[in-house]
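J.: Sequence:
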Amino acid sequence: MAGPEETAAAASAAATGTGSAPDTLATMLTLGLGLLAVLAIIFGCAWIVRRMGGMSGGNTRAIKVVSVMSMGTRERVALIEVGGKQILVGVTPQTIRTLHVFDEAVVSSSEPASGDFARKLQGMIGKSWGSGSSNREDS
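Its first residue numbered 232, the sequence shown is counted upward by one per residue in our numbering.
What the hints contain is simulated information worked out from the structure, not anything from laboratory work.
It is possible that some hints are incorrect.
[Stated by the list, open to error] Below, in silico cross-link-like pairs of lysine to aspartate or glutamate (EDC-like), each with a Cα-Cα straight-line distance of 16 Å or less: (1) K295 / E306; (2) K351 / E335; (3) K295 / E312; (4) K316 / E335.
[To be verified] Label pairs and their in silico Cβ distance ranges: (5) G303 / L262: 19 to 29 Å; (6) E306 / A257: 22 to 32 Å; (7) A336 / V269: 43 to 53 Å; (8) M283 / S339: 24 to 34 Å; (9) L267 / R328: 43 to 53 Å; (10) C276 / G314: 30 to 40 Å; (11) L266 / V296: 31 to 41 Å; (12) T326 / M259: 47 to 57 Å; (13) A309 / L270: 44 to 54 Å.
A virtual CB, placed ideally from N, CA and C, is assigned to each residue, including glycine.
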């Protein structure tokens, strides 16, 4: 039988990894290539979704964003067209509220965007709420 010194020597040879431990460089390369493959799949899927128009479905004609105007750092006023009517909405990080529903089109959705929306909106705000404090054209 083998003595205690021979078993200790065999155990220490096995612990140093002369033949049974995996090669760390090969393991790191395999893990790196696997990570790159997963990242390539994620970016490829994102590219495909972006090219296909997002996850909006097929009905993109029902709602149109006609114009958007920034009112602050995270607040916006948007004019959207739904079913032939134009709706003015206020958008904040917490809520979206209907400000006004227009019976007739304020801005044509077929025209390219211009600064007319901002002027018309300021004019309507001046007419609606302006008793002189917000309508600055007179001064």
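J.: All the hints need checking, so say for each whether the structure fits it.
T.: Results for each hint:
no., hint, verdict
1, K295 / E306, "violated, 19 Å"
2, K351 / E335, "holds, 13 Å"
3, K295 / E312, "holds, 5 Å"
4, K316 / E335, "holds, 7 Å"
5, G303 / L262: 19 to 29 Å, "violated, 47 Å"
6, E306 / A257: 22 to 32 Å, "violated, 56 Å"
7, A336 / V269: 43 to 53 Å, "holds, 49 Å"
8, M283 / S339: 24 to 34 Å, "holds, 29 Å"
9, L267 / R328: 43 to 53 Å, "holds, 46 Å"
10, C276 / G314: 30 to 40 Å, "holds, 34 Å"
11, L266 / V296: 31 to 41 Å, "holds, 39 Å"
12, T326 / M259: 47 to 57 Å, "holds, 50 Å"
13, A309 / L270: 44 to 54 Å, "violated, 35 Å"
Consistency note: the structure conflicts with the earlier hints numbered 1, 5, 6 and 13.
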